[in-house]
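Participant: Chains as they are written, first to last, in my numbering: chain A, 483 to 849; chain B, 483 to 849.
Do not rely on the hints blindly, as some may be mistaken.
Copies of the same chain look alike in the list, so a pair counts if it works inside one copy or between any two.
Calculated lysine to any residue pairs in the SDA-like style (CA-CA distance at most 20 Å, straight line) [said to hold, decoys possible]: (1) K704 x G564; (2) K528 x N484; (3) K528 x A725; (4) K702 x D565; (5) K528 x M483; (6) K704 x E584; (7) K580 x P614; (8) K599 x A820; (9) K723 x E797; (10) K802 x K822.
In short, the hints are calculated from the structure, not lab data. Everything numeric in this text was worked out from a predicted model, so none of it was measured.
2 protein chains.
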Amino acid sequence: MNFNPTPRILMGPGPSDAHPRVLQAMARPLIGHLDPEFVALMDEVKEMTQKCFITNNHLTFVVSAPGSAGMETCLVNLLEPGDECIIGINGVFGGRMKEIAERCGATAHTVEVEWGKIIEPSMIKDALAKCPKPKLVAMVHAETSTGARQPLEEISDLVHNAGSLLMIDAVTSFCGIPLKVDEWGIDAIYSGTQKCLSAPPGLSPVSFSDAAVKVLENRKHKVQSWFLDLSLVKNYWAGAKRAYHHTAPVSSVYAIHQALSIVLEEGLENRWARHNEVHLYLKEQLENLGFKYLVEEEFRLPNLNAVILPSGVDEASIRKQLLLDYNIEVGGGLGAFAGKIWRVGIMGESATKNHVNALIGALKELM
Amino acid sequence: MNFNPTPRILMGPGPSDAHPRVLQAMARPLIGHLDPEFVALMDEVKEMTQKCFITNNHLTFVVSAPGSAGMETCLVNLLEPGDECIIGINGVFGGRMKEIAERCGATAHTVEVEWGKIIEPSMIKDALAKCPKPKLVAMVHAETSTGARQPLEEISDLVHNAGSLLMIDAVTSFCGIPLKVDEWGIDAIYSGTQKCLSAPPGLSPVSFSDAAVKVLENRKHKVQSWFLDLSLVKNYWAGAKRAYHHTAPVSSVYAIHQALSIVLEEGLENRWARHNEVHLYLKEQLENLGFKYLVEEEFRLPNLNAVILPSGVDEASIRKQLLLDYNIEVGGGLGAFAGKIWRVGIMGESATKNHVNALIGALKELM
Numbered sequence: 483m484n485f486n487p488t489p490r491i492l493m494g495p496g497p498s499d500a501h502p503r504v505l506q507a508m509a510r511p512l513i514g515h516l517d518p519e520f521v522a523l524m525d526e527v528k529e530m531t532q533k534c535f536i537t538n539n540h541l542t543f544v545v546s547a548p549g550s551a552g553m554e555t556c557l558v559n560l561l562e563p564g565d566e567c568i569i570g571i572n573g574v575f576g577g578r579m580k581e582i583a584e585r586c587g588a589t590a591h592t593v594e595v596e597w598g599k600i601i602e603p604s605m606i607k608d609a610l611a612k613c614p615k616p617k618l619v620a621m622v623h624a625e626t627s628t629g630a631r632q633p634l635e636e637i638s639d640l641v642h643n644a645g646s647l648l649m650i651d652a653v654t655s656f657c658g659i660p661l662k663v664d665e666w667g668i669d670a671i672y673s674g675t676q677k678c679l680s681a682p683p684g685l686s687p688v689s690f691s692d693a694a695v696k697v698l699e700n701r702k703h704k705v706q707s708w709f710l711d712l713s714l715v716k717n718y719w720a721g722a723k724r725a726y727h728h729t730a731p732v733s734s735v736y737a738i739h740q741a742l743s744i745v746l747e748e749g750l751e752n753r754w755a756r757h758n759e760v761h762l763y764l765k766e767q768l769e770n771l772g773f774k775y776l777v778e779e780e781f782r783l784p785n786l787n788a789v790i791l792p793s794g795v796d797e798a799s800i801r802k803q804l805l806l807d808y809n810i811e812v813g814g815g816l817g818a819f820a821g822k823i824w825r826v827g828i829m830g831e832s833a834t835k836n837h838v839n840a841l842i843g844a845l846k847e848l849m
Numbered sequence: 483m484n485f486n487p488t489p490r491i492l493m494g495p496g497p498s499d500a501h502p503r504v505l506q507a508m509a510r511p512l513i514g515h516l517d518p519e520f521v522a523l524m525d526e527v528k529e530m531t532q533k534c535f536i537t538n539n540h541l542t543f544v545v546s547a548p549g550s551a552g553m554e555t556c557l558v559n560l561l562e563p564g565d566e567c568i569i570g571i572n573g574v575f576g577g578r579m580k581e582i583a584e585r586c587g588a589t590a591h592t593v594e595v596e597w598g599k600i601i602e603p604s605m606i607k608d609a610l611a612k613c614p615k616p617k618l619v620a621m622v623h624a625e626t627s628t629g630a631r632q633p634l635e636e637i638s639d640l641v642h643n644a645g646s647l648l649m650i651d652a653v654t655s656f657c658g659i660p661l662k663v664d665e666w667g668i669d670a671i672y673s674g675t676q677k678c679l680s681a682p683p684g685l686s687p688v689s690f691s692d693a694a695v696k697v698l699e700n701r702k703h704k705v706q707s708w709f710l711d712l713s714l715v716k717n718y719w720a721g722a723k724r725a726y727h728h729t730a731p732v733s734s735v736y737a738i739h740q741a742l743s744i745v746l747e748e749g750l751e752n753r754w755a756r757h758n759e760v761h762l763y764l765k766e767q768l769e770n771l772g773f774k775y776l777v778e779e780e781f782r783l784p785n786l787n788a789v790i791l792p793s794g795v796d797e798a799s800i801r802k803q804l805l806l807d808y809n810i811e812v813g814g815g816l817g818a819f820a821g822k823i824w825r826v827g828i829m830g831e832s833a834t835k836n837h838v839n840a841l842i843g844a845l846k847e848l849m
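Required output: the full structure, derived from the provided sequences and hints.
Facilitator: See below:
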């Protein structure tokens, strides 16, 4: 059986359109995962991932599984039974962090705000007053379920003054909006490949600060996941002698290598600017059609536009027609927002005015 | 930066050579992971995976991570803190199962034999006498570290008579040698994509019997891994309404779909016969060169030939020359066998007489 997917225009919450060079990279012949050429490739992937995170962290690499596994990698390695942590929840993914933290045997104190709002530094301050030295404080930089952009610098100071680690979900922000791991003092961070990096889903770039590495080295219990245990994985990605741990997903590493190269050719700042420019172009036209943004302007993600539909519009039916008649994918709402909002992604290769024009043209006919 | 790997002839323990159709499938444009076309593709992958496992198990699907994560999926879902299990160890991968079982909070009773030997039914009988009703008994069908093929039918009866589940590692046997999940009464099984299936590494086909599903449904504790928790994953792969869990690795699913199609076009039995025929052709010539098989003939894997080097041969140097001068990859030994054996894989697309002739010709020059 052959599978020839209908070409789609991907403007949902991910995957975004992949660059043809990335798709071509996936089709290169396989080589062994311990081949010296592959080891050199891993080194380049590591170096480019550091550049895109803007970090010098030695423990920077790619988890051989999607973003959710990146989240789990950070939590299972940093938390142990009996630990306390503070987790900011303003959408689906903060909730998922709490769920995983609890499965690590940790107590998760939550700072919850209405979906679409951001966590205020004062809220973290209050939480730290009640739980003065948590192992870590975690939150989502770019909430894919709501389109909110969480400022991190002020919170980072509060967290470090408390002697805790700052852990960040950057699945949707990496390579799309400003994200400065070292400058902002982020201790553990994970992302995905299928958002602003525009590679196929399946891998998760992660990075740990020296302070986080110290926590890893002083664990009392073994990490509950063998597959995600960084004390083992790090010898594969960064050991002097590449010790076999698992078989790396060779083709996916080819793809992320090419995608990171494309990001660095464009330049991070140019890429951030492009996402913002296309966002403004999209925003004006969506608002003309009666869509309203869920998140207030200051904290709005440019790359993931969460918009409330004009009243009287049957969202599911129009979204289906967009997909089947125009081959354009946009995302529906999750959780409480199901049926109420759309999530329009302009990420990576999907952040072009042509994408916006295709979508707006189709919507004008459908609505 | 572009990466253009030197074309290799892959005759190690995996990855094996991928079929050009599989590589082309990886390069197809991305579609959304909830696109109706992708959902239909997942259904086809599930159905073909059932056929290749020779099972009707409803809970058959593909883990979005490599074989080691498949191993962890089986163990973390079936074992809970306080459980007992019996694990057969005759190589690296049995040892890894024990390691993971203990991280689940279970007590692992081991049946250990010399690497390269198989676990005798009498040994399992003895272990069951000491631990009469373990939650599961686990072992490796095809030990990639030693080339041993573990017979399972007699052991399966013992395990089921004890009221336990039989869990099997089929990473290297799936689609290469006879493997009959339902007929042999295997309750939980996982494999990889980069061995006899000849797809890129990165996914793990798994299957659970109804008896295993009953154990999942009666768990007292949440599964320690959120990413691998089948109570969540199964709604994504097999639920009436595909509930979002994580973003599937779209391109890798294209690849496994194509690879499974190729297996079924050839026919499982023809494929098993081909592996055996090429094995006999390889064996004769390796023996002529002075290599000796590690495993006795009856229990030898045809697809993963673990051979002791003729005395006086500098294995590392010749293996390096094979790779760099002839672009042929063979595997070295793991653990106690490092420096002593080679592991010559003839798996999937790498199981041809042309592969054997290339290797033997090169060895004749080098040795």
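Participant: Hint by hint, note whether the structure agrees.
Facilitator: For each hint, the structure was consulted:
1. K704 x G564: both (14 Å within a copy, 17 Å between copies)
2. K528 x N484: between (35 Å within a copy, 15 Å between copies)
3. K528 x A725: within (17 Å within a copy, 33 Å between copies)
4. K702 x D565: Cα proximity of K702 and D565: one copy only (11 Å, versus 22 Å across).
5. K528 x M483: between (37 Å within a copy, 13 Å between copies)
6. K704 x E584: Close inside one copy (16 Å) and across copies (10 Å); limit 20 Å.
7. K580 x P614: Classified as within: same-chain Cα gap 18 Å, cross-chain 38 Å, threshold 20 Å.
8. K599 x A820: This pair counts as within: shortest intra-copy Cα distance 17 Å, inter-copy 56 Å.
9. K723 x E797: between (54 Å within a copy, 18 Å between copies)
10. K802 x K822: within (15 Å within a copy, 60 Å between copies)
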